[in-house]
Every structure is written in structure tokens, then in C-alpha cells.
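Residues per chain are reported as follows:
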Amino acid sequence: MTTPLQVTARLRDPVTTEDHIRGPADAAVTIVEYGDFQCQFCGAAYPNLHEVLRQRTDTVRLVYRYFPIANVHPYAERAAETAEAAAVRGRFWEMHDWLYEHQDQLDPVHLSLGVEQVGLPPDELNAEVESRAHADRVRRDFVGGIRSGVNGTPTLFVNGVRHEGGYDLPDLLAAVDAASNA
Amino acid sequence: MSDPNGLIQPGRPAPGFTLPATPDGGPIGPEQFRGQPVVLAFYPADWSPVCGDQMSLYQSAAPVFAQYKAVVLGVSVDSIWSHRAFAESRGIEFPLLADFEPKGEVARRYGAYNAQGEADRALVVLDPTGKVTWSYLSPPDVNPGADGIFDALDQLAADRKVMAG
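Respectively, the protein sequence lines represent chains A and B.
Residue numbering for the first sequence follows our numbering, starting at 1 and increasing by one per position.
Residue numbering for the second sequence follows our numbering, starting at 183 and increasing by one per position.
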């Protein structure tokens, strides 16, 4: 009988200024989310993470990294690259929020409307996405996630340790509070 | 009976085999990829939620596997027909091998067959000569991800560099 090995996955790529970060720089707790904009579980976690940031304003910050599972979510890569194009213009979180609030409208036509709603030039962004200008950045996040043991989306790391609990508000608050008291 | 020693361990030569595989049902086995690292991903069943996520993850990571020139082969006791429908539904392009008849024969030889009549969730990495370089048995309900595989492939690449130098 072989004993199954249990591994505690840890974040291998530290958070840097290259990351998309929401919340105070000196927060005691950092949540790193590896997410896929077309993933319904990420969509379900999104308002809860938002609420965690609201309820623990001084304690927690959120880092978002791209982890598109392209073979099951045909729009995920394009959405991620669009978010990155918005990021280059300082509008990452606005685009991120739009994407999670319109998960059933990620096809190219609706996505262009979203870009416009966020206040960015759709033709310009489309051209960048078409030329895969931001593909390397998205790929870098994905590979870093794989190396950290990300096995699906969303995967969260709370202060560098993979969160094994659920994504409901109470679960997330408990994880944040445990980390801030550790 | 499964191999009484449990999952095959590093240092042992990988048992040779061929099995019918997606996409066209032709026989595929590790020997035909000598000179490249081969990842054997044994998994319990097509369509189960954890397996779907695991195989999708490996498909998404295809460009990374390609950097190592590594070949990924999924293996379960499902038939080629189930594999084919599963692969199509998940966009899986790497081969899924049907260890269907005699059932679980290959999984048994690798020490990755369980009392429920399914393959264990086990990862086995073969070096380019066909020797086992890393193996890992995951709890059936846990998607093991790919970090262990890539660590093993890194190690292989580093070893090869030393030998070349």
C-alpha cells in the first residue's frame, strides 16, 4: 500500500510591481487569485472577493493573475489579453470587473462593447489583442501558476499558501482573518 | 492483482506497452517516443469532474510541455469510444489510451490499479531512455496539477546538461 503524499502548494512567484494589485500596499494579507474570466466558479467567487476587500479594507489586498483554460473556455484567452491591454492603459480593474460582471458576453462583439463601456478605444485594443501583443504576459502568469500547483480555477493563495477551503464569503473571511492573526 | 510493490518507483525501466488511443484508435505506447520525456497520466475515469479538470489542465499546458519536448499520454480503463467523446468535449488533443482489454492490464503493471477496477490517479515521468524518473500517487479526489511533473522535467533537463558538459 502506497501512502498518498499530501502536498501543500505554495506560491512560487512572489508578488511584484508587475502584478495587478487592488488594496493597500502594506496589507497584512495578500490574496493571489489565479483566474479565468470565462470560468463560472471564478465568476461566483468574484463578488465574494469584492466583499472581502470591502469588509477588510485595511487588512487585505488582492492580486489577480491570468489562468485561462483555453480548451474548455474559448473566450478566456482573448478576455485575459483584453484585460492586459486595459492594464497597459491603467484600467485593469475596471476591465476585470466588467469581464466578471458580463461572463455571458465575452464573445468578440460584446467584448468590444465592454471595452467601450470601460472607456477605452475598442479598435485599438482589438488590434493589440489580434496581434497577440499581450499573449506573453498572460502565458507568464499561466506558467507561474502551473509551477505553483494551480490545478484549476479559481485557485487562491493566501499569504503564499494555497487556500483549500471554499469561495463563499464566510470561508474567505475566515481564511483572511486566520492569516492576519498568524 | 496490482503490483504488490505499489506505484512504480524512479530508477526502474518502464514496462513497455501499446494501447489503442485517440484520436484515430491506433496503438500508442511510450517506446515510440524514445529520446523524449514521456508523462504517463493514469486517471480513474473519463467524465468524472476531477479527471476532466486534470486533463484540461494538461491540454492548456501543452505549450509548456512542448518546451521540454515532453509527450503526455493519458491512460484510463475507459474504451476508445468514451475517450474520443471525452477528448472532443474538452478539446483534448494529446493521446488518451484505452487500457480496456484486458482491463487495467497496463495500470496493473505500473502499480496504478485499484480495488474499484479503475486506474489510480498516478503520474509517471519517463526519461528519454524509458526509465522512470519520477512517480506520484495522488488521492483519487485531488487533482495533482502539473508542478511535480515540471519539477521532474526540469531535473531531467539539468541532468542532461551535466552529462553533455
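Read the hints as simulated data drawn from the structure, not as lab findings.
Any given hint might turn out to be false.
[What the hints assert, rightly or not] Here are the in silico distance ranges between beta carbons for each label pair:
no., chain 1, residue 1, chain 2, residue 2, range
1, A, 51, B, 342, 45 to 51 Å
2, B, 216, A, 133, 50 to 56 Å
3, A, 51, B, 194, 31 to 37 Å
4, B, 297, A, 127, 55 to 61 Å
[Stated by the list, open to error] A few chain B positions that, by computed beta-carbon distances, are all more than 10 Å from chain A:
no., residue
5, 207
6, 243
7, 283
8, 298
9, 299
All figures in this text were calculated on a predicted structure; none of them were measured in a lab.
No residue lacks a Cβ here, since even glycine has one placed at the ideal position from N, Cα and C.
Determine which of the earlier numbered hints do not hold for this structure and return their numbers in increasing order.
As far as the earlier hints go, 2, 3 and 6 are violated by this structure, in ascending order.
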